[in-house]
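Take a look at the letters that make up each chain.
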Amino acid sequence: MLTILFDGIAYGMLLFVLASGLAVTLGLMNFVNLAHGAFAMAGGYCTVLLVNRAGVPFFAALPLAFLLSAALGLAAERTLYRHVYAKSHLDQVLFSIGLVFMSVAAVDYTMGSSQVFVELPAWLRGQFSIAGVGIGRYRLMIVVLCGALTIALQAVLTRTRFGSRLRAAVDDARVARGLGIGVDRVFALTFAFGSGLAGLGGALGTEIVGLDPTFPLKFMIYFLIVVTVGGSSSITGPFFASLLLGIGDVAGKYYVPTLGAFAIYTIMIVVLILRPQGLFVRSGAR
Amino acid sequence: MPAALETIALEKHFGGLVASSNVSLRIEPGARHALIGPNGAGKTTLVNLLTGVLAPTSGRILLEGTDITALKPHARVARGLARTFQINQLFAELTPLEAVGLAVSQRLGRGGDWWQPAGARSQVVGEVVDILERFRLADVMHEPTGILPYGRQRLLEIALAVAGAPRVLLLDEPAAGVPEEERHVILDSLDALPSDVAVLLIEHDMDLVFRFARHISVLVNGALFTQGPPEAIARDPRVRQVYLGEGEHV
Amino acid sequence: MSARLPASAVRDGFAARARLHPLEVVFWLAALGTVFLLPGRHLLLTEIAILGLFALSLDLILGYAGIVSLGHAAFFGFGAYAAGLLAKHGLLAEPLLALIVAGLAAGALGFATSFLVLRGSDLTRIMVTLGVALVLREVANRYAWLTGGADGLQGVEMAPLLGRWRFDMFGHTAYCYALCVLFVLFVLARRIVNSPFGLSLQAIRGNPLRAAALGIPVDRRLVAVYTLSAAYAGIAGALLTQTTAFASLSVFDFERSADLLLVLIIGGTGYLYGGLIGAIVFKLMQDYLAYLTPQYWPFWIGLLLVAIVLVGRERVAGWALPLRRLVARLDWRGRPAPAAGE
Numbered sequence: 001m002l003t004i005l006f007d008g009i010a011y012g013m014l015l016f017v018l019a020s021g022l023a024v025t026l027g028l029m030n031f032v033n034l035a036h037g038a039f040a041m042a043g044g045y046c047t048v049l050l051v052n053r054a055g056v057p058f059f060a061a062l063p064l065a066f067l068l069s070a071a072l073g074l075a076a077e078r079t080l081y082r083h084v085y086a087k088s089h090l091d092q093v094l095f096s097i098g099l100v101f102m103s104v105a106a107v108d109y110t111m112g113s114s115q116v117f118v119e120l121p122a123w124l125r126g127q128f129s130i131a132g133v134g135i136g137r138y139r140l141m142i143v144v145l146c147g148a149l150t151i152a153l154q155a156v157l158t159r160t161r162f163g164s165r166l167r168a169a170v171d172d173a174r175v176a177r178g179l180g181i182g183v184d185r186v187f188a189l190t191f192a193f194g195s196g197l198a199g200l201g202g203a204l205g206t207e208i209v210g211l212d213p214t215f216p217l218k219f220m221i222y223f224l225i226v227v228t229v230g231g232s233s234s235i236t237g238p239f240f241a242s243l244l245l246g247i248g249d250v251a252g253k254y255y256v257p258t259l260g261a262f263a264i265y266t267i268m269i270v271v272l273i274l275r276p277q278g279l280f281v282r283s284g285a286r
Numbered sequence: 287m288p289a290a291l292e293t294i295a296l297e298k299h300f301g302g303l304v305a306s307s308n309v310s311l312r313i314e315p316g317a318r319h320a321l322i323g324p325n326g327a328g329k330t331t332l333v334n335l336l337t338g339v340l341a342p343t344s345g346r347i348l349l350e351g352t353d354i355t356a357l358k359p360h361a362r363v364a365r366g367l368a369r370t371f372q373i374n375q376l377f378a379e380l381t382p383l384e385a386v387g388l389a390v391s392q393r394l395g396r397g398g399d400w401w402q403p404a405g406a407r408s409q410v411v412g413e414v415v416d417i418l419e420r421f422r423l424a425d426v427m428h429e430p431t432g433i434l435p436y437g438r439q440r441l442l443e444i445a446l447a448v449a450g451a452p453r454v455l456l457l458d459e460p461a462a463g464v465p466e467e468e469r470h471v472i473l474d475s476l477d478a479l480p481s482d483v484a485v486l487l488i489e490h491d492m493d494l495v496f497r498f499a500r501h502i503s504v505l506v507n508g509a510l511f512t513q514g515p516p517e518a519i520a521r522d523p524r525v526r527q528v529y530l531g532e533g534e535h536v
Numbered sequence: 537m538s539a540r541l542p543a544s545a546v547r548d549g550f551a552a553r554a555r556l557h558p559l560e561v562v563f564w565l566a567a568l569g570t571v572f573l574l575p576g577r578h579l580l581l582t583e584i585a586i587l588g589l590f591a592l593s594l595d596l597i598l599g600y601a602g603i604v605s606l607g608h609a610a611f612f613g614f615g616a617y618a619a620g621l622l623a624k625h626g627l628l629a630e631p632l633l634a635l636i637v638a639g640l641a642a643g644a645l646g647f648a649t650s651f652l653v654l655r656g657s658d659l660t661r662i663m664v665t666l667g668v669a670l671v672l673r674e675v676a677n678r679y680a681w682l683t684g685g686a687d688g689l690q691g692v693e694m695a696p697l698l699g700r701w702r703f704d705m706f707g708h709t710a711y712c713y714a715l716c717v718l719f720v721l722f723v724l725a726r727r728i729v730n731s732p733f734g735l736s737l738q739a740i741r742g743n744p745l746r747a748a749a750l751g752i753p754v755d756r757r758l759v760a761v762y763t764l765s766a767a768y769a770g771i772a773g774a775l776l777t778q779t780t781a782f783a784s785l786s787v788f789d790f791e792r793s794a795d796l797l798l799v800l801i802i803g804g805t806g807y808l809y810g811g812l813i814g815a816i817v818f819k820l821m822q823d824y825l826a827y828l829t830p831q832y833w834p835f836w837i838g839l840l841l842v843a844i845v846l847v848g849r850e851r852v853a854g855w856a857l858p859l860r861r862l863v864a865r866l867d868w869r870g871r872p873a874p875a876a877g878e
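Protein chains in written order, with the working numbering: chain A, 1 to 286; chain B, 287 to 536; chain C, 537 to 878.
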């Protein structure tokens, strides 16, 4: 059972890295970006190509995946997304759906429609036992890496000047602008960073959840659930929401196989009924 | 004889902020009752409490003797409590004809009709004609509300409330923003309100208040400061001080 | 202003909305004409009719009540599988009866989930409706012993319609059936949107606060129209199963809900014909694109969506404005000018 718990934590951490960018974008620009998964997919395929075809070591490919997705995010934000911020939620949804369709078809065209796998280094494969509990090596690596990322993120948000500018812009963009904070630059950098994180998550997730051109569509709902349940005004909310969902999903699928997948959907619907703004929202936040 | 509308120790707190404090207000049947007070006194909050848009922290509200504290806004309207809004709340894409028709149909219990158009019921038609004429909206009845001049919109705002044939009518600054030349139309429509309808008027315009009201309550910082006939209020030095003390707001 | 306002002017004012416009007659006559004049295209036309009905169902809640739903495929799929199971297990042989039952079932599902869309912002509604559709897809996938899972519902055999007309492989019966169902439901929808009930929906969409202040029970009305819309969508899904003798998980696909939004953007919302016109344009476009690039036409759909949003939906709708003015002018009876629609 502890293995299940551990696997759930690993899955939850992965979800967090994937979805954190979306949470910040939503909280920051009040923008529903259903295409977030496309950036994750980009990171995943980049890693697969680098590791499998170009022989780049796995841990060197990860930051490259991050950078590629961040660059894509920055380019998309500057050219396309910024024109859509002021539009209605429905328009934003339609826009990002359009991007999803385009990216899925484009990857299908260039990479083929079958699932791809990444060749892991030998020491990451398999598992070992600690006190009778089976711990997968890869999953352990994810927990460590994502945990470190989370701590770093929290530190950046709370301890750096960029972090306080970001938090100010999230709270009230207009006032932030009035204070001289370059809100547009904050948006662009944050979007790029969030997309980069998604790319990293996609790279890490290839081994655990699989990667194929329909990834953005399949995982759209998971990201939305994390953001819905966790709220979008902090990092801690989505973090705990991701853990809750990761554990719930893995445990659900193991203990109650016929209904396992519904666990997270049901959680989301229940949460939305009871608290339309999310479980972990600071009062007074948007 | 029960009051037309009565509140008993009504309280509203927003966290630490007390917006309404121990408000016990009594509006008699057929009253011409005005509620005045400096900006931020909580007048609109009180109206929102009375109509059910806000839920009170404690206290009760009675409409013609019946406790309506737990009723939702539309249920209170069905029992005869209507209001206008300080900032026009209209349906930009509907025409005055359609909006008034909707209000009248709803009141006559025909709001849920789904097969016939609204004009099929002659009773509805008759009342719509009456309202449109009374509020001088007949010549613009086919225009979308969004393009009407402000004065007309304000008239429609009042017409929609009156169309519900209310027993108690709450008017939140009906003349606000209406240009001087068009004010008299608003005032005429207020004068023409049926005498058995109790009216609570919230206004800043003292001329209008003293012309219209037979009884005035003063609200300061969410609490009832004083109340009485217009002459007494006009002469009360404390009332003048409350207004002049907040000089930059008035 | 001193002359009395005649009651007839008011009555006519209300009736004007509901009055039959000459172009509508042309539209339906043309539709009837396709039955006889385009026999080779009946399969495609059936798809258009079904999509049009599905879009009509979404227009009822989106265009009139202002509820944004990204999961309307849930009701479409529910109706589709209901009809399929009724036929496959011989529970109800008569297709028309089965259609009605499937519609009622979908309506019941709509009623049960309606409370989810009453509260919350557009964003919440988008996510909740999306979630419901995905849950249903998962359910259909899991219960493969019932639904056939990823292989789809096999072995659906349709009895002759009303005991007389067999479903042939050219789609003649199917098209007449679908067209008649569409027409009847359209007439019903048309009466509903021009009634006080329909007017109250538009009031709720425009200003829910004021609607409540008029005494309109907002929640009750929204539940009612959501249930109706779900029933319509369910009937569209049932039609699909009955005319193709097959049901697959794709009826629940997110792409279906997304395509539907595109249909309504193309055709416009809030005047009922938008769904039908949009369906015609969309299906023809899809047919053509699929012919050009069979595997990757979603790319072009996506591009179209992005382009429309960037240009601006109002501007796209504005391109149709001269056409709408022309349509208004073609009514020689001089009805009052239509209010600017969405």
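The set of hints was computed from the structure by calculation and includes no laboratory data.
Each hint should be verified, as a subset may be incorrect.
To be verified - Taking CB as the label site, the calculated pair distances span:
1) A:254 / C:625: 40 to 50 Å
2) C:704 / A:82: 47 to 57 Å
3) C:724 / A:255: 41 to 51 Å
4) A:255 / C:704: 44 to 54 Å
As the list claims (entries may be wrong) - Simulated coverage check for chain B against chain C, where a stretch passes if three residues somewhere in it have a Cβ under 8 Å from a Cβ of chain C:
5) 340–350
6) 374–386
7) 409–418
8) 423–429
The C-beta atom is built at its ideal place from N, Cα and C for all residues, glycine as well.
Tested hints:
Distance hint check: the CB atoms of residue 254 (chain A) and residue 625 (chain C) are about 33 Å apart, inconsistent with the given range 40 to 50 Å. Against the hinted window of 47 to 57 Å, the Cβ-Cβ separation of residue 704 (chain C) and residue 82 (chain A) comes to about 54 Å, which satisfies the hint. The hinted window of 41 to 51 Å between residue 724 (chain C) and residue 255 (chain A) holds, with their beta carbons roughly 47 Å apart. Hint check: residue 255 (chain A) to residue 704 (chain C), Cβ distance near 50 Å, so the stated range 44 to 54 Å holds.
Three residues within the 8 Å Cβ limit are the bar, and the stretch 340–350 of chain B against chain C gives 0, so the coverage statement is violated. Proximity of the stretch 374–386 of chain B to chain C, defined as three or more residues with a beta carbon under 8 Å from a beta carbon of that chain, is established by the 10 residues found. Counting residues of the stretch 409–418 of chain B whose beta-carbon sits less than 8 Å from any beta-carbon of chain C gives 5, enough to reach three: the coverage restraint holds. Remark: the stretch 423–429 of chain B is confirmed as covered by chain C, as 4 of its residues place a Cβ nearer than 8 Å to a Cβ of that chain, reaching the required three.
Hint check: violations occur at hints 1 and 5; the rest are consistent with the structure.
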